[in-house]
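Chains as they are written, first to last, in this note's numbering: chain G, 349 to 541; chain R, 349 to 541; chain Z, 349 to 541; chain E, 349 to 541.
Watch out, some of these pointers could steer you wrong.
Think about it this way: if two alpha-carbon atoms lie no more than 27 Å apart in a straight line, the pair counts; the simulated DSS-like pairs of lysine-lysine are [as the list claims (entries may be wrong)]:
1. E:K486 to E:K351
2. E:K374 to Z:K374
3. Z:K374 to Z:K385
4. R:K351 to Z:K486
5. G:K374 to Z:K385
6. E:K351 to Z:K417
7. G:K374 to G:K421
8. G:K374 to R:K374
9. R:K417 to R:K351
Think of the hints as simulated: they come from the structure by calculation, not from any bench.
4 protein chains.
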Amino acid sequence: MNKTRLEAFSDGVLAIIITIMVLEIKVPHGHEFADLKPLIPKFLSYIISFIYVGIYWNNHHYLLHGLSKVNGKILWANMHLLFWLSLIPVATGWMGEHNFEQASMTLYGVVLFLSAIAYFILQRLIIINEGENSVLAKAIGSDFKGITSTILYVVGIVSSFYTEWISGVAYLAVALLWLIPDKRIEKVFNSKD
Amino acid sequence: MNKTRLEAFSDGVLAIIITIMVLEIKVPHGHEFADLKPLIPKFLSYIISFIYVGIYWNNHHYLLHGLSKVNGKILWANMHLLFWLSLIPVATGWMGEHNFEQASMTLYGVVLFLSAIAYFILQRLIIINEGENSVLAKAIGSDFKGITSTILYVVGIVSSFYTEWISGVAYLAVALLWLIPDKRIEKVFNSKD
Amino acid sequence: MNKTRLEAFSDGVLAIIITIMVLEIKVPHGHEFADLKPLIPKFLSYIISFIYVGIYWNNHHYLLHGLSKVNGKILWANMHLLFWLSLIPVATGWMGEHNFEQASMTLYGVVLFLSAIAYFILQRLIIINEGENSVLAKAIGSDFKGITSTILYVVGIVSSFYTEWISGVAYLAVALLWLIPDKRIEKVFNSKD
Amino acid sequence: MNKTRLEAFSDGVLAIIITIMVLEIKVPHGHEFADLKPLIPKFLSYIISFIYVGIYWNNHHYLLHGLSKVNGKILWANMHLLFWLSLIPVATGWMGEHNFEQASMTLYGVVLFLSAIAYFILQRLIIINEGENSVLAKAIGSDFKGITSTILYVVGIVSSFYTEWISGVAYLAVALLWLIPDKRIEKVFNSKD
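One chain only, chain G, in its complex shape (with noise of 0.2 Å):
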């Protein structure tokens, strides 16, 4: 199995799946500034959602430049991954257009939380595959930000339902938390070209 095939499947699903939110954004009817009013939620949270594909393809990227060899497991755990992903136009449309209700911060936490499982999953899997002293698993090390993320989510659903704005500064939070570059696993690839 070619590593190279799997990467450009996963760089067109990706790519569809942050161009289609835009596609959430529909052409107002009207022809005044005032048109455009309704439109702020949902930009906004196509901002968001923009943000988080770009993370999950960077991520990506990093995590498959360690693997060296496809298997069957590997591949379905990344079909996985990308399902979760292509769920995230439907969240981020239904949190736009209700202007961040409760319902659908639970929702786009839900499949933000589902998404970070299934990448942990894809990561084991790559891990095992590799070894544990392989480069790549010192580099994720002990998965400070993994962690991280996984624990506010959770915070991110529970709080959707009492306060929504406690959700999106978890959400939010999540995505600075990541926008930083990883210096980690760059610093060991580096190391080692």
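We have chain G; now place chains R, Z and E onto it with these hints.
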């Protein structure tokens, strides 16, 4: 004719097929959890179709891995396969919108059946091209999975006229049959590599 | 300028064009077989357009195979071709929705005609680039198929104003003309390889 | 970080952006030529946006050609550029649906302006990475075209509040400015190759 570009084009089409299916899950108009309820059959039909397209992508990958030279016939047999696969989103959407009702179960089975036939034709042409003694021909052998799948599709189509859930079981059975990684092909190619 | 990225971009656009056409086949609202009936003209128009885009992808592949160096003119001639091809889904949708009625047959012919002109321009620029004695120039020769197709499009467009089915025959004839693999180019390149 | 995958992902996103714009040209309900009339402004706005995205793809290609090593900042600057470009279809659709009316002309200009800023940031980061004496830095030089474009966008945005057609002229002028192949960069790289 270059195999790389055939793979790249097929990957692109399959990535788009698997992702536009999610567009059938329309953002619900209400803003409560209850408004997600009508999405459940759509979601379930999305899961199964996602798995199906994933299986085709996976098998297609192995099949083309064993191909040494593309000719016009193989190119069009590949297009023919992509054609039927491209109808999966419509069939999935219909099935999801009408809660797996009779006619939609029949249509879904027909699309899957014709995709299987198209795959079989492509496989035959590649084997003819590579020779009956090629690694690929040996790996496919009696094509137990392919034949079983085709029979199960027919069972699913016929039973959809009487009892829908038997169709559902048949389609699920095919998905499970293929989800288990194809040890035969993997083994043969690995021993070759 | 790298040819690979031009091919990759064109492949991406063609893969999307061929796949978004299926979005014109909207999921029927009813749940019986009879509800599929209005989809028949859409389905037929989808088949023919799928074949057309497939032919363009195929020919485009051969054409760029014979190209050694991309320049700005070729790049924009390629964009120009993609532009007209990108209108095929709209023309297909209109033709399918109105059961191959007069105006839609004219429009379809016009889009195909302009695509053919764009292809011809791209071909000329590549031949100029490669030289009249290049393998590609010899392979294309008098461009019998290209000229015949253009004439048939004109026949189709003109006859659409009087008898729609003659247009249909003309467009189908072009598709069949190209479906038969282009022995000329294949032969020349194979002898070169 | 591998440049190839960054290019592939960007190509995918740009190919999708350029193609989904055509989805704004909805299939007309009537079946006569007159029913195509309301599509004319949509078609014109599609042409100009198609050219714009084509220009960005072209320039992006040259820019990344001159890049030797991807880092986190460049990756996110690239995502930032793709973000603004992904809004072109919505802005195009609005402009087309409302016949180039005032607010839509302003919005279109703003999206183009922000895309230009994002491109400028990406260019700066790459030059910093490659060094002020790099081939790329010399090729870009005083960035006459980039600066002129930005000024023209501002002119277009401001004039959209008074006379829409001046905006139109400004946006068209930018497109023409870039359509002429960039001799500077091409020359420098060609002399290097």
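Verification of the hints:
Between the alpha carbons of E:K486 and E:K351 the distance comes to roughly 21 Å, so the proposed pair stays at or under 27 Å and holds. Restraint check for E:K374 and Z:K374: the C-alpha separation of about 13 Å stays at or below 27 Å, so the hint holds. Our distance criterion of 27 Å between C-alpha atoms is met by Z:K374 and Z:K385, whose separation comes to about 12 Å. For the suggested pair R:K351 and Z:K486, the alpha carbons sit about 24 Å apart, so the restraint of at most 27 Å is met.
With a C-alpha separation of about 30 Å, the suggested pair G:K374 and Z:K385 falls outside the 27 Å cut-off, and the hint is violated. Simply put, E:K351 and Z:K417 have alpha-carbon atoms about 21 Å apart, close enough for the 27 Å limit, and the pair holds. A C-alpha spacing of about 39 Å is found between G:K374 and G:K421, which places the hinted pair above 27 Å, so the restraint is violated. Annotation: proposed proximity of G:K374 to R:K374 holds, straight-line Cα distance about 13 Å (limit 27 Å).
At roughly 7 Å between alpha-carbon atoms, R:K417 and R:K351 fall within 27 Å of each other, so this suggested pair holds.
Checked against the numbered hints listed earlier, the structure breaks hints 5, 7; every other hint is satisfied.
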